[in-house]
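> For this one, chain A is given, so just place chains B and C on it according to the hints.
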Amino acid sequence: MRVRHLLRKLGFYAVAAWIAVTLNFVLPRLIPGDPVQLMMSRMAASGPVTEGQEKAMAAMLGLGHGNLLQQYGDYLSSLARLDFGLSTTYYPAKVSDVVAHAVPWTIVLVGLATLLSVALGITLGTLAGWRRGGRLDALVPSATFLAAVPYFWAALILLYLCTQVWALAPSSGGYDETYTIGLNTRFVVSAVQHGVLPAITIVVASVGGWMLGMRNMMVSTLAEDYVIAAEAKGLRPRTVMVRYAARNAVLPSVAGFAITLGFIVSGSLVMEIVFSYPGMGYTLLQAVTNNDYPLMQAIFLMITFAVLVANFLVDLLYSFVDPRTREATS
Amino acid sequence: MTATATALAAPPDDTAAARGGRLRAALRSGRLRAGLGIVAVLALTAALGPLFLGDPDAVSQDLSQAPSAAHWLGTTQTGQDVFTQFVVAARGTLLIGATSALIATAVSAVVGIGGGFLGGLTDEALSLLSNIFLVIPGLPLVIVVAAYVGAGTGATILVIALTTWAASARVLRAQTLSLRTRDYVLAARLYGESRRRIVLVEILPNELAIIVSQFIFAVIFAVLTQAALAFLGLDDPSNLTWGTMLYFAQNADALTGGAWWWFIPPGLAIAVLGAALSLISFGLDEVLDPRLRARRRRP
Amino acid sequence: MSSSTPPPPPQQAHPTRRTVLASAAGLVLAGPLAAACGGADSGAPEPGGTLVVNATQGQLVRNFNPFAPQPLHPTHGLLYEPLFHFNAAKAGEVHHWLGTGYTWADGGRKLTVALRRGVKWSDGKPFTAEDAAYTFQIAKDNKELNQYAYPLDTITAPDDHTLVLTFTESAYTKEYFLLGKSKMLPKHIWAKIPDAKKKTETNPDPVATGPWKVKFVKGTTMELTARDDYYVPGLPHFKTIRYVSFSGNNAFLAQVAKGRIDWAGGFIPDIKKNYLDKDPGFALVDVPMSVAFLVPCAARGVTADVNVRKAISAALDRAFMSKSVYGGYAPPTNPMALLLPNFHNVLDPTLKDATFETGRAAVAKHLRAAGYTRSSGGWTKDGRKLSLSLTLVSGWTDYVSVGQMVEQQLKKAGIGLEIKAVSVAQFTDAQATGRFELLLSNYGYTPDPRAYYDQLLNSAIAPAIGKSTNVGNYGRYHNPTVDKALAAIAATTDLARQKPHYATIQREFIRDMPLIPLFEQQNEIEFNGNHVTGYPTRQNLYAGPAIWLDPDGGWVAARIRPAKPAAPAKPAKSAPSAKPAE
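Chains as they are written, first to last, in my numbering: chain A, 24 to 353; chain B, 57 to 355; chain C, 1243 to 1824.
Heads up, a few of these hints could be off.
Said to hold, decoys possible - Partner residues are not named here, just some residues of chain C that face chain B (Cβ under 7 angstroms, in silico):
id, residue
1, Val1449
2, Thr1639
3, Ser1643
4, Gln1646
In case anyone wonders, no lab produced these hints; they're calculated from the structure.
Using N, Cα and C, we set each Cβ at its ideal position, and we do this for glycine too.
Next comes chain A alone, as it looks inside the complex (with noise of 0.2 angstroms):
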């Protein structure tokens, strides 16, 4: 039963996969115009570009070679070696060389703040489902309509009042630039520096979901006859809110929210963008204003898997963990 339902898991990611790769092979050869005229015009802004520049450009790119069949199992085959090319922005310079100075800074700002705001959240959430009515769930409406607030607009008068009106942050960016990398004291002090206004926007943003999510499922979970028993017991309110109603709570929410992971991803994509910070969702945007494909797809494509890993361990942690979702799959 279970190696059956992980079987079922995982044909469902792998189908979810193979669709996002083939939709990231198709969408290119749908582009108007062509890569080495781009190029070309690109080019064209540092000094003038000659008939035989065209020519070189197009052998250079060892475009469209062999049927489409042909382009699509080649394709999959670099795939599998994780080679996603050379990026035209860089050329020659990997794709994969581009995209490995990106990843720290969006696991390490995105990964802390996403932790900070499932804590936050979860404690909150607790609360306010333990006291329903109370002052905190009162709130909880209020954390919905933020959700209408388009973000980027809040985080920049954010950033606009932060660093101009107050001077209480650093401008935008991931550290200051005129730095150097490495492990100084200086470029450590101001990574971190500029990390702290992105990361409140990222908690501010995603933990009213958080909150909800849990204070709902301790709402449910305290209708449930066990956490009855236990208050008719007499344990102390605490144990009670926290060893049995918390504690069974937390997993359906934490399962629950595994589905809005794009939603964080795509709120990180954005605040990377409007604070300039040099992750991937900025590289993102910068391969978009540079026509850049290799680098935008090999970009989506990793987004994309990064999900759909996430989404399979927690399936695969839920379906140990709570045998009744086994039988409820589909």
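Below, chains B and C alone, put in the same frame as chain A:
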């Protein structure tokens, strides 16, 4: 942000009297009235406002002026009247929001109800499809697609619809699955009614509330996504929306240059629109199922 | 053969939307910043120590391959050097670089170059004619590495300091590329790399003739240190160049306004308030490298009629566009679209005060001549309203604003205009295939006036509509008089004999208005005069002032000097001193 699983829908209750009562009850809800009022004002502004105002692109010699009697919301860096742009942009924004939400909701109704009702392999395939769209992160996909397809209002609408429908399809499918086994549906089947009739007459009306609520959230989502896309420069800048206004404002460093009157109103308007729509949705939920007041949860 | 200059897209790496628009103006950031190591965060500069420049946005990826389309900026000019310096800001001004003289023979089929003596590669080996010959041999042997399509026939090095090239056809038009753009490569390094791999090599540790060596490339910073054995005594003046790349325009603005960048070319909105007024030492050098145009399709549609083109031109208020979109920094150009002061040496003196014909009456005159009649709704001909579409790139917001203004101004004159804002890819496609009515773009970026007019007007480079070209003449303009004049200019290198033909082209340009010139594309370069001096100015334009300019950036980088330290104590001669300031 999509989706409000109102999975526990109201029991079927089709008499006209009951419906009228529900409507009256609905209008008693303060949240609903407030929400509807705001949306009505915005929609009227969008529909009629541009008729009374000039060309939003018209430039003048008044560059970057603060709000005044002549320019209620000041002017842009090229001397365009921000208030005129704001009103005309309301039209563009609402049109894109409503159209993509409509498309997304229609697709989700077909996929969700169709799959749930038909069951079997069709259902398997359709729910696989919606689960996949649910799990592929939306914004990166939208960005990549928009980057390839290019800026254009039609493209933007389709791209947004493409990434929105899946969540509500899932909700509708779940609801259909539960309705399918209700007595009155089974009875209709026994009577030998056609599938189409069963779906249109027995199932669809009973999911209307959910569909409306899904639609409302789809509008919020579409407006926010469009604003984000426009802000990133991935929407047609010549189609005026609150998003493209923000794009131009940001590119002209409106905020840092002190031209808050250019940057603040469009974003605020989006937030107000979103809040009003949420109010409507809350109001509807309360009216349709009082239990939800305590038990709303996200899917 | 000619150069082409498509639209001015992002320079390298990573412009944000905002820089894209800046680079719609063809710029990129450049700028030196002091504050080497040691100093506190105050950013106190260390005169004579470090030159802080900003040339790009986004991360720096270690790539110094001269064959790559966009290697790191120092590659061209700071590290690898060409034979001569063709001043990008002043046509006709040529200085010795690795060459000390050249002569053409055989009607442009033979070129003899005398090479400088005593030049050493950065690994200590001598630079000889062998290296120069090998550089051109690569181009001859590999079509895809022959970037400028040289018609090379033989390449010989009769002695260590002489290079002789022969061509299968006259190569006068390639002069600028052969002598001013092709960078000399060390044979002992590149001969070891198979030709097929030359283009995909990232060449992380370049061996070159330039006055700098790469110290490190990390994230968004890169440092080059001065060689002490450069062949021009006393150069370079700085010990270190530090390239700083920013994640976005805001970060750039914050740093440049604090004076922490010595040489930059970023877009600064309202530059007077946001930069120049902050410190009396801050200076702006604005030498346009290109001209912005409305490009009409001259081969078909309503814009094939010269009167319609002139009517459109007459309806425009260029000064207002410049004032509102560029704060007055992109002044209207001249009606012959001659890039000034760059091409002053070929200006037809009778045209030096030429101005655009504007006004309602002029519009009416031209449209009546074209057979249009004025009605309440606008101008009509054969029952059809005069209405056009303008294609522009949606991401270049300054152009979107310009487009909106063109729309407004034409509307007042009774001409309809629909703006098509598209992606860069779609724009490039429309431009290349000629499928447009009007385009908004800019062209230039060459120190050679012949190449400039050639890319705009030569009918030989324009294929039929639907066939694509990246070289130029996107409007498919055809004028035998202009073609003949261009050919005559190409047949000689004698400026005196070329001048009458340049005059012909300029007069034809005004008469026929094949493109509708708008304004000089703004190209702001900022210098922090508290730290540097000796940079090119309008008065002393010894080179193009932008650090991203290939290869002028390198020419300037070697010649720019630390400003005199404010503190009086320093001995006068100590230009590059390793000693810390305090």
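> None of the hints should be skipped; say for each whether it holds.
Hints, verified against the model:
no.	hint	result
1	Val1449	violated, 39 angstroms
2	Thr1639	holds, 4 angstroms
3	Ser1643	holds, 5 angstroms
4	Gln1646	holds, 5 angstroms
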